[in-house]
Amino acid sequence: KAGVTQTPRYLIKTRGQQVTLSCSPISGHRSVSWYQQTPGQGLQFLFEYFSETQRNKGNFPGRFSGRQFSNSRSEMNVSTLELGDSALYLCASSLREGYEQYFGPGTRLTVT
Amino acid sequence: KNQVEQSPQSLIILEGKNCTLQCNYTVSPFSNLRWYKQDTGRGPVSLTIMTFSENTKSNGRYTATLDADTKQSSLHITASQLSDSASYICVVSAFGNEKLTFGTGTRLTIIP
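Quick note, the sequences are listed as chains A and B, same order. Here the first sequence is numbered in this note's numbering, starting from 25 and rising by one per residue. Here the second sequence is numbered in this note's numbering, starting from 45 and rising by one per residue.
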């Protein structure tokens, strides 16, 4: 079974731009969660989607948004990028909420 | 406030030696505790998951213990190998909303 895939793997953007990251979960998984990982803060929860509905949301500003499609694929969008948004963005999928999560390789975003 | 603290922050040991990583948590009500291994530039990979009733769980050379009374967990690595060099992250789930609280990880370096 193919694992969680994330695209793109690497991205460089400038301040003020917006970015969209994509995540394809493991086949059959309906829950997708997004995390931001920085050296200083560790892994921080962004949001979780299940069956196209946002179930949980972390403490991030409204510039961070996401959505899930009917095929369980998910996207997250960050608008008006700031230097502090530079991080590894990880997506994890699970059969449903509360089940074992499987992480993708992440998207490394650099904001200059 | 739910918190997960890991120690030490970093650890360097010789190949072949054993080591133990610690995780203390204040998450309540407790649902389960997971240990993840994260290689540099990659997504975390699950090593073990333990629920309230489990004291010990092994995965090859990795053995996790859980003391739900003192809210402590440890990850013991036996006969370390160079490939064990990674960050090890402790994650605790709260019962009910299944929200995950992440520790900031222990950076383990194995030297030949």
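Please note that the accuracy of each hint is not assured.
Ranges of calculated distance between the beta carbons of each label pair, as one might list FRET restraints [as the list claims (entries may be wrong)]:
id	chain 1	residue 1	chain 2	residue 2	range
1	A	SER110	B	ILE56	25 to 33 Å
2	B	ASP83	A	GLU124	15 to 23 Å
3	B	LEU55	A	GLN68	31 to 39 Å
4	B	ASP111	A	ARG39	19 to 27 Å
5	B	ASN62	A	GLU76	29 to 37 Å
6	B	ASP111	A	LEU35	18 to 26 Å
7	A	ARG33	B	SER90	15 to 23 Å
8	B	GLU49	A	ARG39	43 to 51 Å
9	A	SER110	B	SER97	19 to 27 Å
10	B	SER97	A	SER46	18 to 26 Å
11	A	GLN78	B	PRO73	38 to 46 Å
12	B	ILE155	A	GLN78	20 to 28 Å
13	B	GLN47	A	LEU119	26 to 34 Å
Sample of chain A residues at the chain B side, in silico, Cβ under 8 Å [as the list claims (entries may be wrong)]:
id	residue
14	ALA26
15	GLY40
16	GLY66
17	LEU67
18	PHE69
19	PHE74
20	GLU76
21	ASN80
22	GLY130
23	LEU133
In short, the hints are calculated from the structure, not lab data. Even for Gly, the Cβ is constructed at its ideal location relative to N, Cα and C.
Hint check:
Separated by about 27 Å at the C-beta atoms, SER110(A) and ILE56(B) satisfy the suggested range of 25 to 33 Å. For the pair ASP83(B) and GLU124(A), the beta carbons lie near 19 Å from each other, so the given range of 15 to 23 Å is met. One distance hint, 31 to 39 Å for the beta-carbon pair LEU55(B) and GLN68(A), is violated here, with the actual separation near 23 Å. Checking the proposed 19 to 27 Å range against ASP111(B) and ARG39(A) shows it is violated: the Cβ atoms sit about 47 Å from each other.
Range check, ASN62(B) to GLU76(A): about 47 Å between beta-carbon atoms, so the 29 to 37 Å window is missed. For the hinted restraint 18 to 26 Å between ASP111(B) and LEU35(A), the CB-CB distance of approximately 42 Å leaves it violated. A hinted range of 15 to 23 Å holds for the C-beta pair ARG33(A) and SER90(B), which are about 21 Å apart. Our hint of 43 to 51 Å for GLU49(B) and ARG39(A) is violated, since their Cβ atoms are close to 34 Å apart.
At about 42 Å, the beta-carbon gap between SER110(A) and SER97(B) misses the expected band of 19 to 27 Å. Restraint check, SER97(B) to SER46(A): a C-beta distance of roughly 39 Å breaks the suggested window 18 to 26 Å. At roughly 24 Å, the beta carbons of GLN78(A) and PRO73(B) sit outside the given window of 38 to 46 Å. Here the CB-CB span from ILE155(B) to GLN78(A) is close to 45 Å, at odds with the stated 20 to 28 Å.
Range check, GLN47(B) to LEU119(A): about 28 Å between beta-carbon atoms, so the 26 to 34 Å window is met. At its closest, the beta carbon of ALA26(A) sits 14 Å from a beta carbon of chain B; the interface hint therefore is violated under the 8 Å criterion. Annotation: interface hint on GLY40(A) violated; nearest CB of chain B at approximately 27 Å, more than 8 Å. Below 8 Å, beta-carbon pairs count as interface contacts, and GLY66(A) has one with chain B at about 4 Å; its hint therefore holds.
For LEU67(A), the shortest C-beta to C-beta distance to chain B is roughly 4 Å, which falls under 8 Å, so the interface hint holds. Contact between PHE69(A) and chain B, as hinted, is supported at the beta carbon level, the nearest pair being about 6 Å apart and thus within 8 Å. Violation of the interface hint for PHE74(A) is found here, the shortest Cβ-Cβ separation to chain B being roughly 11 Å, above the 8 Å cut-off. For GLU76(A), the interface hint is violated, the least distance from its beta-carbon to any beta-carbon of chain B being 19 Å, above 8 Å.
About 6 Å separates the beta-carbon of ASN80(A) from the nearest beta-carbon of chain B, less than 8 Å, and the hint is met. The criterion of a C-beta within 8 Å of any C-beta in chain B is met by GLY130(A), whose closest approach is roughly 5 Å, and the hint holds. Look at LEU133(A): its Cβ only gets to about 13 Å from chain B, farther than 8 Å, so that hint breaks.
When held up to the earlier numbered hints, the structure conflicts with 3, 4, 5, 6, 8, 9, 10, 11, 12, 14, 15, 19, 20, 23 and fits the remainder.
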